[in-house]
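Chemist: Mind docking chain W on chain V? Use the hints.
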Amino acid sequence: MGRKHQFFIGGALAAAAVSLAGVGASLAQTTLAPNPDPHNLQGTWMSAPRAHLTKDYTPHLGRGQPDDIPDSEITWQVGDKMPPFTAVGKAKFEDAVDAQINNKPHADPSTNCMPHGLPRLMIAPYGLQIVQTKGLITFMHAVNHNVRFIHMDQKMPAKVPLTFNGYSVGHWEGDTLVVHSKGISSAGIIDQLGTPHSDKLQVTERIRKIDGGAHFEDIMTFDDPVMYSQPWTARIIDNWDNGHRISEYICEENNRNGADAEGHTQVK
Amino acid sequence: MLKSVAAAGAVACLLGFASFGAAQAADHPDFTGMWKVQGFVPAIKTDKGALPPLRPEAKKIYEQRIADRAAKRDIDDPIDTCKPHGAARLMFAPYPMLLLQANGQLDLIQEANHTSRLIYIDQPPVTDDDPKWLGDSTGKWVGRSLVVSTINNDHRTWLDKAGLPHSDDMKVTEKLSLGNDGKTLTDAITIDDPKTYTAPWTTTVHFNRMPAGSDLKENVCVRDHRM
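Which chain is which? The protein sequence lines are V and W, in order. When you line the first sequence up against our numbering, it's residues 2 to 269, in that order. When you line the second sequence up against our numbering, it's residues 137 to 363, in that order.
With the rest of the complex left out, here is chain V (with noise of 0.2 Å):
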């Protein structure tokens, strides 16, 4: 085998569906350097470390520590407070801090292997390849091969149907590719955590290569009249990956370890 993951998400929940199966990189690997190009997002890029969430909700970078609130992998910036939850988004958001705290069931679609969704999609701590074609920048997420599609140049579309992803349109501003999305259906949460979101979500997103295309950072803002009394604003960062392909993950495979009705996983 070849290259692991380097992130793990823990817990039992999330590891009922969680299947690494072949996620060694398996073509013989070549080191590529960053394209320092601003509008040339092409290649694989690997997640750097995202925040966790202690309990008196201070969010820290790296891995989760015993006194996280369990499996607390957040959209949150160090130094950041509680978003503008209003009172019916506080009240999804201490469900979900109570359910990981307390091994309940947690409304997580991606533990059954549905689609991790917009915004969750970026947040998640595996790989990405990106690929630009005329018209269109496709995000293919090694984490149960979600794609995301952003069609560059074109007006959001009237009516948008909801769907896991939404609907994405994207244009430049310079050296920025800035991305709105709606039509995202509130099957979906922000982060692990299950920070909440409804269907009236919107998100806007400012990409941008930094250090010489070594990184690039996702500078998302959440308007959700439903769930938020402002929009609030996270901002991520992935890093180069210099070459390494995305390896194979498929979800579905590891449908014998569901969890029971307690929310155990059920290992066979």
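To be clear, the hints were calculated from the coordinates, so they are not data collected in a lab. Please note that a few of the clues may not be correct.
Straight line, CA to CA, 20 Å or less: simulated DMTMM-like cross-link-like pairs of lysine to aspartate or glutamate [said to hold, decoys possible]: (1) W:K353 with V:D200; (2) W:K307 with W:D258; (3) V:K135 with W:D265; (4) V:K183 with W:D351.
If you anchor each label on the Cβ, the simulated ranges turn out as follows [to be verified]: (5) V:K135 with W:N316: 19 to 25 Å; (6) V:R207 with W:K196: 56 to 62 Å; (7) W:L187 with V:A108: 47 to 53 Å.
Far from chain V, some chain W residues (derived; all Cβ distances over 12 Å) [claimed, not checked]: (8) T168; (9) Q174; (10) K196; (11) E199; (12) I202; (13) K208; (14) K268; (15) G279; (16) D296; (17) S303; (18) S313; (19) D328; (20) P330; (21) V341; (22) N355.
For each residue, glycine too, the CB sits at the ideal point set by N, CA and C.
Modeler: Just chain W, lined up with the frame of chain V:
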């Protein structure tokens, strides 16, 4: 019966893939765009119209699978539980398919359960022997065709709905070619698996380029999933 819990929730989502088709490399055809297989072939035959040359033990497995499906007995067709089709069978999936040719790769995204297959063109060969649901594919240009070799094909996949079996040692060689002014795509698929078949055999599948603005829908196949 697994079939009862294998739901494919197809969620309509207009994706509007327009404006594809510009040649990206001077001397190579560009397969980029939306394609749809011509018809659906539940039981593939060789290009000569014959049953592939199954070894006796493999023929027993094949016939048992056909009999079990006909009798509505439990069968182990991987796609019934949302596992990947495998590299060869994916080419026969009767759903739209997006090809993206860029950056030294031909990437295939099948609408069916958003299944992706990556083909690395003129890049280093495979160095491991781990079976994978979609194998390991490398391609090279031969004239106007892309010749794709796929190894490490997990034996749990079937080659068709009927249930043609194969071993982990199967090698798949495909010859992808454009025709009819770029409006059609042909994939001649050769199966070489001495453990399962007495000789290599070839079957050819044809695709039509879909009209500009065609959609790839968000398609999610998950057990027990209902949208």
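Chemist: None of the hints should be skipped; say for each whether it holds.
Modeler: Status of each hint after checking the structure:
Taking the CA atoms of K353 (chain W) and D200 (chain V), the gap is about 19 Å. The hint holds against a cut of 20 Å. Between K307 (chain W) and D258 (chain W) the CA atoms are separated by roughly 18 Å; this keeps the pair inside 20 Å, and the hint holds. Among the hinted pairs, K135 (chain V) with D265 (chain W) is inconsistent with the structure: their alpha-carbon atoms are about 35 Å apart, more than 20 Å. A hinted pair counts as satisfied when its Cα atoms are at most 20 Å apart, and K183 (chain V) with D351 (chain W) qualifies at roughly 17 Å.
Take K135 (chain V) and N316 (chain W): their Cβ atoms lie about 21 Å apart, and the range 19 to 25 Å holds. At roughly 60 Å, the beta-carbon separation of R207 (chain V) and K196 (chain W) lies within the given 56 to 62 Å, and the hint holds. A beta carbon spacing of about 49 Å between L187 (chain W) and A108 (chain V) agrees with the range 47 to 53 Å that was offered as a hint. Under the 12 Å C-beta cut-off, the non-interface status given to T168 (chain W) relative to chain V is violated; the minimum distance is some 5 Å.
Remark: the non-interface label on Q174 (chain W) is consistent with the geometry, its nearest Cβ contact in chain V lying 24 Å away (cut-off 12 Å). With a least beta-carbon separation of about 26 Å from chain V, K196 (chain W) lies farther than 12 Å from that chain, consistent with its non-interface assignment. For E199 (chain W), the requirement that its beta carbon stay farther than 12 Å from each beta carbon of chain V is met, with the minimum near 27 Å. Even its closest Cβ contact with chain V, about 24 Å, leaves I202 (chain W) beyond 12 Å, as expected for a residue assigned away from the interface.
Even its closest Cβ contact with chain V, about 22 Å, leaves K208 (chain W) beyond 12 Å, as expected for a residue assigned away from the interface. The beta carbon of K268 (chain W) is not kept farther than 12 Å from every beta carbon of chain V, the shortest such distance being approximately 4 Å. Its beta-carbon lying about 23 Å from the closest one in chain V, G279 (chain W) satisfies the requirement of being farther than 12 Å from that chain. No Cβ of chain V comes within 12 Å of the Cβ of D296 (chain W); the nearest lies about 20 Å off, and the non-interface call holds.
For S303 (chain W), the condition that its CB be more than 12 Å from all CB atoms of chain V holds, with the nearest at approximately 17 Å. For S313 (chain W), the condition that its CB be more than 12 Å from all CB atoms of chain V holds, with the nearest at approximately 20 Å. Against chain V, the non-interface label of D328 (chain W) holds: every CB pair exceeds 12 Å, the least being about 20 Å. Its beta-carbon lying about 23 Å from the closest one in chain V, P330 (chain W) satisfies the requirement of being farther than 12 Å from that chain.
Non-interface call for V341 (chain W) relative to chain V: holds, since the shortest CB-CB distance, roughly 22 Å, exceeds 12 Å. Residue placement check: N355 (chain W) does not keep its beta carbon more than 12 Å from all beta carbons of chain V (closest about 10 Å).
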